[in-house]
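Protein chains in written order, with UniProt numbering: chain A, 1 to 523; chain B, 1 to 494.
If you are wondering where the hints come from, they were derived from the structure by calculation, not from laboratory data. Nothing here was measured: the structure is a model prediction, and the numbers come from that model. Even for Gly, the Cβ is constructed at its ideal location relative to N, Cα and C. Mixed in with the good hints there might be a few duds.
Claimed, not checked - Derived, one-sided and incomplete: chain B residues facing chain A with beta-carbon distance under 7 Å:
1. LEU49
2. ALA50
3. PRO52
4. GLY53
5. GLN55
6. ILE57
7. PRO60
8. GLY91
9. TYR97
10. ILE131
11. ARG277
12. VAL279
13. LEU284
14. LYS288
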Amino acid sequence: MSKLAHIKAVNKKYNIFTSIRAPSKTPVDEFASFSPLFNTTYAIKDNFTTRNEPTTCSSLMLSNYKSPFDSTVVTLLNQSGSQCIGKTNMDEFGMGNSTTSSYFGPTLNSLYPQTESLFIDYEEVIFSTKDIGDENGEFISSDIVEGIKEGYTVNKYYVPKLNRDEKGKVIFNNIDSRQRITGGSSGGSATAVGLDLVDFAIGSDTGGSVRLPACYNNIYGFKPTYGRISRWGLVAYAQSLDTVGIMSKEVDTIWKVFSTLDLADSKDPTSLSDSCREEIAIERINSKKNVGKKFKIGIPIEYKFNELSEDIKQSWEKLLNKLKENKLIEIISISIPSVKYSLPAYYTLVTSEASSNLSRYDGNRYGFRTEDYEGEEPEFRFNRDKAFGEEVKRRILLGNYSLSSYGYDNNYKKASNVRRLLIEEFNKVFRDKHCLMEKKQLTNANGIDLMIVPTSVNLPKLINEGNGDIVEGYMNDVCTIPMSLAGLPTMNISFENFGFQIVGQHGQDYKVLEFTRLVNNIL
Amino acid sequence: MFKVGLEIHTQLHTSKKLFSKSSIPSFISNNTFDDNTSNNNKNVSFQDLALPGTQPILTPNSLNYAIKLALSLNCKINKFSNFDRKHYFYGDQPLGYQITQHYNPIASNGQIKLFKRHNPKLSKDLLINIIQLQLEQDTGRSIYHSINSSNSFIDFNRSNISLIEMVTEPNFTNIEEIRSFLQYYIKLIQNLNISSGDLENGSIRVDVNINIPNHPRVEIKNLPTISSILNACKYESNRQYNILKEGLPIDNSIQTRGWDGKKTFHLRNKESNVDYRYVPDMELPILKISSDLINKIEKFEMPISTADKLDYLMNNYNLNIKDARILFNNDKLLNFYEICYKNSNDDPKSQKKLINWINHELLGSLTKSELEFNENIINVESFIELIKLVNNNKITNQNGKLLLLHLINNKDDQLKSIESLAIEFDMIITSQSIDNSTSIIIDNILNKYNDIVIEIKSTKPNKINYLLGQCMKELRGKVQPNIIMNELKKRLDI
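Just chain B, same shape as in the assembly (with noise of 0.2 Å):
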């Protein structure tokens, strides 16, 4: 068992940067320098670059932000932080120091429970701790271009964007929590309109500190993805054991260690780190923050928390975790169904197989069709009247789909009703038991393939199952398969 806590950045994706006027790119950085067609260095003011005589101004959306997520974390919101230099040299950091929140951030002591009944794969409830939340800004990013070239490229869009860090306690203790946490936080900050949260372009940005008992803490930087994290956590947690069994010297000191893809390696330790001289700034004013604002935010600004959104879903609508998920992930499906869920209050059979028609054969048939979900896609009375047509015996459920494929293909149809449409297509089922054609079809398909007639009644009976597809193919879904199924089964007699 391993202990883990994250320090995760979150780039807020405020409309100017943290201390300067600067808009932030909406363009993904990439990772070449070219002089001529790129966009490096087009997002940057006199502040980015520290020229000399310039000062920050802070933009005060930040400080929104950063109060939505404190919020959402259970913090306390500090009423009083300020800012503070840390001072290192490095060719990304103009000022020669980054402006951070060391002595007194803006938010402390959160905390965030995940819970099993909507992390099916954790063990039990989560509680993760916050420790604190501090406002900072970002640095350039350095660009090399190979080991060959002596050159390397500083592009300063990134420059004074606004970050948020956050600093868990070591209260992860598997995998899945870890994965757990990082998908949760992740949409918290989507939902909470405050960052993209992507980790692949680095919007976030996520260090592990991970050790097992007897083993100092290691520090774990440059990860790009989920599964890096979790990799890498793998890897560590197995090293550090490896270690402690062969009974090989212990670093003693707060190691840091890199990724890359197969295995941890080492960076530096904290011997060699360099002392950043912390101070607090001296032309930024002390950040008061009123309980008015924190009042003002909590009430306009903040959306429903993901634990309770689910809960809503899982009760209300009496889902399962994953239905309740599929929905919360996709605010315009959610919609969908809760209106269709509304118009089709006068039948209560169809209301439950609702979440069925939506989650699997809608979004089936969209990926088949290669479409995205959107309020267009179909319209609601046609979707109901479907999925009725369907649990009143009218056509059959693969019929059903069919039908669905062609609506989403086809809107002009979706004009019509479905059952007429049903009826052109000739597909409204017919009989409700096998009459004179039925039982001749039913014949020839049994004389047809009488080497599976044999196999079902020695070894496979499962195989009863390709004649009555052949069957309903012949019948073009007329008669409900359960009757045709009865039949041959009466027919071969088991």
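Chain A with its partners taken away, still in its complex shape (with noise of 0.2 Å):
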């Protein structure tokens, strides 16, 4: 079986992309055998822009919208030799944590048995693109047309045929009694490293898009540091959290991908600059200056929640016992209080930017026109009625009122105040500095290299549960969303079927890599 019918076969099961790209007959560029990711593949979220699809964000909004440009990250692959197979479902916008409200239906877990179609054939869609390159050498389509045309450049993908119901609704009727959900936003992203279709893939973590997916499939996933990957091409969903971030079963070919993608960019203007990023060098040369000793590690005692399952409960010491007999970690009980208040901080934030970041789809320059529309007024309001899901809707709803004047106060200014406080108290734990802080600012020399917390606080649910309650589904996030307040580096690792999360300071990545390759040796 060719590589591409094994991969159109698997995504039948498990509804992985919203599109999979034909192999380029490209012949591969002779150097490109130096590249460090020569002849790697990889899947990326349908959240980043791509010349040779379309950008969906899994939405009717996007359904068909094709960017004209490549996000830095997909420019940075592909220059690095890597080959991109297809775009991978994600929630709607970004907004979710199971991958289950996305307009192409769920996708599945890698880790749970499907053995039937959930659906039977693919589109195969063509369209060119003249491409110019542009004075840094990246290109761009200056025209955009459907099928084949001379002397454009051909794109071509398949998209699955799928069942709806009278509302637009996937219907999927075969899906196994013991599956359950992927985790997300990214996981699409997560299934398909899970099934190994790619040696890597990518998603974006706003809250903990990617750790979540990647806990609730066994495999790494790691967020870096807010601003060290660029964002340009990442549609945004909540842009003071959004962070890109990779997934794999191999820890060193996600610092590989990291090395990669760890570049300043002019065009994101919150990406690390250039004198920061020489700043934070020093910070690499001091992890491996760590390996040795023995590495801090804290344990907020905030982070024994509730709802935190025994199972987990009795993993996590477990883990911590293993690495402490093997004389890699000392343990230290930490308090960040404001954890306790991340929760609705992180939401109030989260549709406030939301909600303003999702009121340039109007319809009108690009993206779903409704066609059966006769009123007076612009059709704003009925494009954005029909082509947005409902938590897409309900999310613009709470932001809207959040950034309302009678709401601005009361709820966005006392989440941002939150936010502050965490920040500050994660800098009074840490012993590195937090690399945008000003220098003068005292260090604590005692203070903890790492933190190792939960990334769930318990299995993911069975995927015919539904959806439940909206406010439950949102207390899934509540392990990983103190690191995106904060933009701290995190990797999600898995053990005993739990995944864990390993946080550094902000900027300390390859601390948390360095440490990472460290335990992966251990267990």
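Grab the two chains, each in its own frame, and use the hints to assemble them into the complex.
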């Protein structure tokens, strides 16, 4: 079976991809064999812009939107010799932690059985782009047309032919009753890695969207420090929290991909500057120096959530004991009081930013435009009403409330203050300096190197359980949110079928990677 | 008496847009949308259309331009300011929000003094307080073909161009104050070289806040010219006055009104306005403006202020405000004046007449010739020699003007000496008194126009100028007119 046929067959069962890219016939660059990622393949979440297929964000709103430019991540990966095989399914616009709110139906979990196909066939789509290079040697599509056009670059991809009910919801009748949610919002990327379809996958992590699905699929999922990997081309959900994450079964692969993408980008105003990167380059050397010494691991008492399952609690202790026995770590109990307020603060901020960011989708310049409208007013309201899913609408409404003149001080500002406090508290417990803080600020010489905390409070829910209580659903993010609010580098590792996070101080990505490698050797 | 405050949006002519790398369209946007030939949507980049995955990057130049304006309006420049999002849906607003400065603007608390000595129409010196300056992005432009067509079009060329919104306190109490300030402001931004300052093409846009005592504030929008601004203020203050006088019900909310060229009309009330949901932009960094940057701009990039320059012209060259303004508004002419002034240091009498020759005779001759002034129009030496010839009674004033007109239109003759040219044209004054031939000419004129002589003697003494003109025509300016005049008066016994 060809690789493409294999991917298509697996995808029929797990519904991983929003589009599968037809393998390119362009000859391999002879110098590419020197590239760090030569001969690797990857999948990328469908909220990163690519020129070869649509960028849908798993929403009807962008279901046919083709970007004229590639995201920086894609440009860098292509230059490093890695091949993209397709775009992965996600919760609509990243809003969710289950990959069940997609316009293209849910993605299933790689760890649980699925024997029957969810859909029967694919549609092959061809379009052509007129490519021109810009001043930086990057290419943009100056014209995009359907079908084949002479002199243009021809792009081919496959999309599942899905059955929908009268409301437009995807019907999957054959889901195995043992199937569980794959986590989200980067669920497609996690399942693709879990089923060995790719060497690694790119996701985005706003509040845990890479770490939680990595946890649910027993793979590594790395969310770097906020600002280390360029967000240019990542469709914004909540920019102050959005990060580019990497998933793989191999720590070394994550390491290679991270070092490939860890670059300043003048296109992204939140990208860490070159001077800042020079300062934190020392961090790499220091992380090496630490090898052979014991890492000081902080365990925040606030992470002993009531919701935390007994199994995970025990597994967590077992993991820590094992690392202690191997003389890798010493454990210090710490307190980060603001963790308690992180969840409401996060949901206030993330919905506020989302309601603002999604304002641009009005169907005027691109995206979904309703055809059966004949009113007097502009059709924004009708376009948005039809093309956004329930969860997206809910979050826009919540966000609009927080930003309104009566909700701003009581909600948005308070949440921002919680976030500020949380960052201060982290700065106090870590030994390393937050890479954006002034040098003058005292660092805690006796502080911790890393934290180890659970990624989720429980096993993933059965997929047939339905969405259940919405707030309960939000609760699943409780373990991953504090790191997002503080922008900390965090790696999900798996131990005894559960996921745990290794958390470093802002800027200490290589310390997290180095430690993960050591843990990997022990486990 | 009314109280007026102004909100002025100024488009900055930076080379790039505020948050994208698109260049600024050089053409003036017109009001049509033609798919085939127009320049609509040509200067548009991914950010200007708010494509998914794009991010704003600040063009640093916009900041420098804003600092220049802030300095010249004597504002406090805030060391830290930031960008906020102002949300509303509109077809020409691609992001669904405008990036502006709501919470911490770049500059605040400025003031501008307009002096009566520079603005003779003001009744007293005028102090205008500037509340704040905010840097923000422009929207696209909606184009509606006609009422009959259901299609509207959007041109995004304007989208994302840098704007500065300036808000004044309600310090204006009459039309002349508003006029003087607007003229001052337009000249200021042109002088700073930050904007073309054209009202007609929307490079600057003025909104008016106006009320008379006991009437709530009314906002007037869409005022495309200075005269429409002034007329709208006149109309609106009268309208408010009549409402109060006739005891009509007052709309206590803040009302927004438009201007149709004749009258203001209701657009909307503040209550029905949208909640803009202002929030600090999450990805644009805080603007930090160092005192070093401010000092550098103050030292190297600021032109002399209007008031200082007018004072300098008036004091240094002893000019009146009218002449000073003519020079102030025309750099090339000012330069020409200053060189001529220096070069005629040896002849104070000519130096004194210089401003009149430049601002009236030279500009007048240029207008007649349909030319604009430039430094090549006449060389300094010829111009000074000409004035001296007139001053020294070598040629008459009238012939001097004719010669100037000739020189402008026949540049080759500027190479000759002006005196030789005057000789060539037979313009040299040959006699300082009435000689025989002149006397005969005067006799002939008096005989020929005997009916006028009678009129002069009876009821219309001013008609003597007509006779003088006829004599000068015959004499071709070879005798000074005052000598002829005296002779005429003597003969007519008046």
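Hint check results:
1. The beta carbon of LEU49 (chain B) comes within 5 Å of a beta carbon in chain A, closer than 7 Å, and the hint placing it at the interface holds.
2. Proximity of ALA50 (chain B) to chain A holds as hinted, the smallest CB-CB distance being about 4 Å (cut-off 7 Å).
3. This hint holds: PRO52 (chain B) has a C-beta 4 Å from the nearest C-beta of chain A, less than the 7 Å allowed.
4. Interface hint status for GLY53 (chain B): upheld, as the beta-carbon distance to the closest one in chain A is roughly 4 Å, under 7 Å.
5. Given the 7 Å rule on beta carbons, the hint for GLN55 (chain B) holds: about 6 Å separates it from the nearest Cβ of chain A.
6. With its C-beta approaching chain A no nearer than about 6 Å, ILE57 (chain B) sits inside the 7 Å limit, and its interface hint holds.
7. Among the interface hints, the one on PRO60 (chain B) is violated; its C-beta lies about 12 Å from the nearest C-beta in chain A, farther than the 7 Å criterion.
8. Satisfaction of the interface hint for GLY91 (chain B) is found here, the shortest Cβ-Cβ separation to chain A being roughly 6 Å, below the 7 Å cut-off.
9. At about 6 Å, the closest approach between the beta carbon of TYR97 (chain B) and any beta carbon in chain A falls short of 7 Å, and the interface hint on this residue holds.
10. Because the smallest distance between the Cβ of ILE131 (chain B) and any Cβ of chain A comes to about 20 Å, over 7 Å, the interface hint for this residue is violated.
11. With a least beta-carbon distance of about 4 Å to chain A, the hint placing ARG277 (chain B) at the interface is held under the 7 Å criterion.
12. For VAL279 (chain B), the suggested interface contact is upheld, since its CB lies about 5 Å from the closest CB of chain A, less than 7 Å.
13. For LEU284 (chain B), the interface hint holds, since its Cβ comes within 7 Å of a Cβ in chain A; the closest pair sits about 6 Å apart.
14. With its C-beta approaching chain A no nearer than about 13 Å, LYS288 (chain B) sits outside the 7 Å limit, and its interface hint is violated.
Against the hints set out earlier in the document, violations occur for numbers 7, 10 and 14.
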